[in-house]
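A.B. asks: Okay, here's what each chain looks like letter by letter:
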Amino acid sequence: MKKVISFPHLSNYYIPISLLLEKLTNLKVISSPHITKKTLEIGTKYSPDSVCIPFKYNLGNFIESLDNGANILFTAGGGCRYRYYAEVTEVILRDLGYDFEFYKLIPEDKFYVIKAYKLFKSINKDLSFFKYIHSLIYTLLFIFYMDEIDKIVRKNIGFETKKNSHSSLYKRMLNEFKKTDSIFKLSFLYFKYRRLFKKIKINKPKDCLRIGIIGELYTSMEPFSNYFLESYLAKANIEVKRFTNLSYLLWQKIFIVRHMLRVSKKYCKYTLGADGLDNVYRAIKLHKKNYDGIIHIKPFGCTPEIGAIPIIQRVCNENDMPIIFFSYDSETSTEGIETRLEAFIDLLNTRRDKID
Amino acid sequence: MTNAYLGVDIGSISTKGVIIDDNNNILASSYLWTKGNPVDAVKEVLCELKSKVNNVKIIGVGTTGSARKLIGTMLGANIIKNEITAHAVGTMSIYPNIRTIIEIGGQDSKIILIRNGIVIDYAMNTLCAAGTGAFLSSQAKRLDVDVEEFGSIALTSSNPTPIAARCTVFAESDLVHKAQMGHAKNDIIAGLCKSVALNYLNNVAKGKKIEKPIIFQGGVSKNIGVVKAFENILNTKIITDPNGHLMGALGVAILSKSGKNINFSFDITESKFNTNSVYCGKCPNNCEIICVRKDNTLIDSWGNRCERGYDKVINIKK
Chain A
0 MKKVISFPHL
10 SNYYIPISLL
20 LEKLTNLKVI
30 SSPHITKKTL
40 EIGTKYSPDS
50 VCIPFKYNLG
60 NFIESLDNGA
70 NILFTAGGGC
80 RYRYYAEVTE
90 VILRDLGYDF
100 EFYKLIPEDK
110 FYVIKAYKLF
120 KSINKDLSFF
130 KYIHSLIYTL
140 LFIFYMDEID
150 KIVRKNIGFE
160 TKKNSHSSLY
170 KRMLNEFKKT
180 DSIFKLSFLY
190 FKYRRLFKKI
200 KINKPKDCLR
210 IGIIGELYTS
220 MEPFSNYFLE
230 SYLAKANIEV
240 KRFTNLSYLL
250 WQKIFIVRHM
260 LRVSKKYCKY
270 TLGADGLDNV
280 YRAIKLHKKN
290 YDGIIHIKPF
300 GCTPEIGAIP
310 IIQRVCNEND
320 MPIIFFSYDS
330 ETSTEGIETR
340 LEAFIDLLNT
350 RRDKID
Chain B
0 MTNAYLGVDI
10 GSISTKGVII
20 DDNNNILASS
30 YLWTKGNPVD
40 AVKEVLCELK
50 SKVNNVKIIG
60 VGTTGSARKL
70 IGTMLGANII
80 KNEITAHAVG
90 TMSIYPNIRT
100 IIEIGGQDSK
110 IILIRNGIVI
120 DYAMNTLCAA
130 GTGAFLSSQA
140 KRLDVDVEEF
150 GSIALTSSNP
160 TPIAARCTVF
170 AESDLVHKAQ
180 MGHAKNDIIA
190 GLCKSVALNY
200 LNNVAKGKKI
210 EKPIIFQGGV
220 SKNIGVVKAF
230 ENILNTKIIT
240 DPNGHLMGAL
250 GVAILSKSGK
260 NINFSFDITE
270 SKFNTNSVYC
280 GKCPNNCEII
290 CVRKDNTLID
300 SWGNRCERGY
310 DKVINIKK
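From first to last, the protein sequence lines stand for chains A and B. At position 85 of the first sequence the residue is numbered 84 (numbering that gives the first Met the number 0), and the sequence of numbers has no breaks. At position 11 of the second sequence the residue is numbered 10 (numbering that gives the first Met the number 0), and the sequence of numbers has no breaks.
Calculated from the structure, these hints are not laboratory results. The reader is advised that the hints may include incorrect statements.
Pairs of lysine to aspartate or glutamate, DMTMM-like flavour, derived with a Cα cap of 20 Å [what the hints assert, rightly or not]:
#1 B:Lys227 <-> B:Glu210
#2 A:Lys36 <-> B:Asp240
#3 B:Lys140 <-> B:Asp120
#4 B:Lys259 <-> A:Asp345
#5 A:Lys36 <-> A:Asp66
#6 A:Lys36 <-> B:Glu287
#7 A:Lys240 <-> A:Asp206
#8 A:Lys170 <-> A:Asp149
#9 B:Lys207 <-> A:Glu317
#10 A:Lys234 <-> B:Glu306
#11 B:Lys68 <-> A:Glu337
#12 A:Lys37 <-> B:Glu287
#13 A:Lys170 <-> A:Glu147
Whenever a hint applies, use it, and build me the whole structure from the sequences.
C.D. replies: Structural data, given as structure tokens:
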């Protein structure tokens with residue numbers, strides 16, 4: 000039987016990840032179909048009810064991929080309860096009668112370079128260590144460049160004079176990134192596109208509203224799971240700051256944990272698990288940088304964030320910072336969320352008017 | 000002819016309409032059950048309002064409440080606003096010094112904190128309708144009491160039965176057990192009113208600083224039992240307004256003054272409106288697109304996440 004690899008979806012990151020898996024294994028890689036209501040429906044149907052929403056999306060992704068002919072599945076793991084999800088997912092899929100191989104890239108909360116090499120070597124006998132390291136660096140850079148461009152886009156997309164000019168350029172950039180194999184060329188392309196993005200015509204007032212999005216990582220990064228929160232804010236002409244991205248989680252976070260503890264010393268003595276401490280730190284930082292408001296998002300029942308919320312609430316109360324909390328689950332009506340967001344934006348606007 | 004503004008608040012349970020003049024005086028008001036059919040409810044409200052006023056020219060229309068988008072399209076409103084902003088604006092026009100608004104309606108409950116005339120914070124119940132009017136009316140049915148009488152019965156109790164306040168489902172089973180154990184009906188009803196207040200303070204108002212003066216609005220504020228429960232727990236006097244249920248409609252009518260003037264005619268009640276949903280089908284997401292038709296011509300559609308669904312709606316129109 001021909002081997003086909005697949006993995007769950009996460010916003011645009013499926014592009015570098017599928018390139019990485021393709022290079023390391025020399026097998027066919029199909030990324031799971033884009034997340035739709037159908038994905039969520041399938042995922043919810045076979046998941047335990049009280050599990051958090053990323054699990055349901057991932058399970059839906061896996062089932063759709065398996066139905067499309069995949070028979071080797073990869074998942075990340077690590078973090079919070081998520082580190083246990085791989086095992087649960089595997090059992091559920093086996094019970095459903097699928098036949099597949101299942102690999103977890105981050106088995107014990109940490110990525111071990113050598114262990115992972117051995118894993119890929121067992122799949123692909125011809126994989127040289129040099130090629131392995133080269134591919135890893137290439138992928139990390141690819142993701143890093145995507146994230147850096149994303150930061151520019153988030154700042155400006157709400158103010159573009161021509162509709163879709165950012166998103167179409169972004170698509171073009173990813174297509175060109177995909178074609179190259181060399182790290183050098185990739186860096187060259189990044190600088191080229193950074194220039195292009197900065198050249199896009201925008202009509203941005205100096206005192207536009209600025210909102211920071213903090214919260215759990217999956218719902219922050221996958222636009223479908225937060226009901227396209229960022230594009231809603233862009234339509235309302237708001238500059239968005241989001242801290243969580245894959246580069247941050249993969250390698251930037253470990254360097255600033257001590258710094259975060261120092262800054263949030265008043266509130267936290269130790270880390271809160273997953274991104275709990277990070278979000279307390281971010282709330283403090285957003286206040287210091289004079290942002291207008293904070294939106295905190297999490298899946299319903301996300302334990303690390305539930306621990307962090309009272310602390311974040313206290314940070315905001317003490318500093319008079321408006322904040323709104325959202326919990327996402329498998330409901331598909333956006334009505335309630337839009338009402339609350341609209342009221343939140345009204346609140347920020349009237350606050351501004353009175354202060355001026 | 001004097002200029003006037005119409006505000007309509009279409010909630011899940013009831014529909015409210017007001018007509019105000021340039022100085023925010025209420026010229027006419029109407030309050031009816033929505034009965035799951037917002038379009039007909041609004042038509043009835045409009046008919047009632049029309050009979051109550053004469054010689055006015057309506058130049059601004061605003062809609063709020065959970066059906067605001069649909070009714071806003073139907074009436075050609077010049078402003079469509081969320082309930083939170085509308086309630087705050089409406090209340091502040093009558094009570095400029097208010098600092099806390101407690102609002103419990105049919106399906107949702109919210110708290111709005113106001114300092115120096117600006118909304119500084121708000122919260123709304125999240126996933127479920129625990130502790131709202133819908134819960135009280137379903138329990139009233141179980142106890143075979145009219146929900147309107149709930150308040151006066153609750154006041155007769157001197158010893159309210161404690162009822163679990165966290166969640167509607169828990170509260171319901173707790174209530175059944177207490178009733179079977181022989182607690183008196185008026186004690187149970189008083190306990191229910193208290194549980195609504197506790198549920199609100201523990202869930203919606205969690206972490207918020209409730210400061211005086213406090214106003215209590217929404218359908219549940221008509222229930223004197225819940226008002227007394229709030230007063231006992233918060234240990235302070237709570238304002239209730241006879242027009243408390245109209246604040247949202249009043250607020251959005253005031254907001255409609257700032258919009259572009261329109262020419263609204265009550266003849267709209269003669270037109271036939273219908274809505275239907277179409278499934279896009281162009282990708283697995285299968286967005287459900289809502290089409291609104293006035294006398295069989297399409298006036299608006301929404302619900303699609305990308306541009307593709309639009310073609311389908313246009314084609315059906317032909």
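A.B. asks: Could you run down the list of hints and mark each one as holding or not?
C.D. replies: Hint by hint, here is what the structure shows:
| no. | hint | verdict |
| --- | --- | --- |
| 1 | B:Lys227 <-> B:Glu210 | holds (17 Å) |
| 2 | A:Lys36 <-> B:Asp240 | violated (44 Å) |
| 3 | B:Lys140 <-> B:Asp120 | violated (35 Å) |
| 4 | B:Lys259 <-> A:Asp345 | holds (19 Å) |
| 5 | A:Lys36 <-> A:Asp66 | holds (17 Å) |
| 6 | A:Lys36 <-> B:Glu287 | holds (11 Å) |
| 7 | A:Lys240 <-> A:Asp206 | holds (15 Å) |
| 8 | A:Lys170 <-> A:Asp149 | holds (12 Å) |
| 9 | B:Lys207 <-> A:Glu317 | holds (12 Å) |
| 10 | A:Lys234 <-> B:Glu306 | holds (15 Å) |
| 11 | B:Lys68 <-> A:Glu337 | holds (12 Å) |
| 12 | A:Lys37 <-> B:Glu287 | holds (13 Å) |
| 13 | A:Lys170 <-> A:Glu147 | holds (15 Å) |
Consistency note: the structure conflicts with the earlier hints numbered 2, 3.
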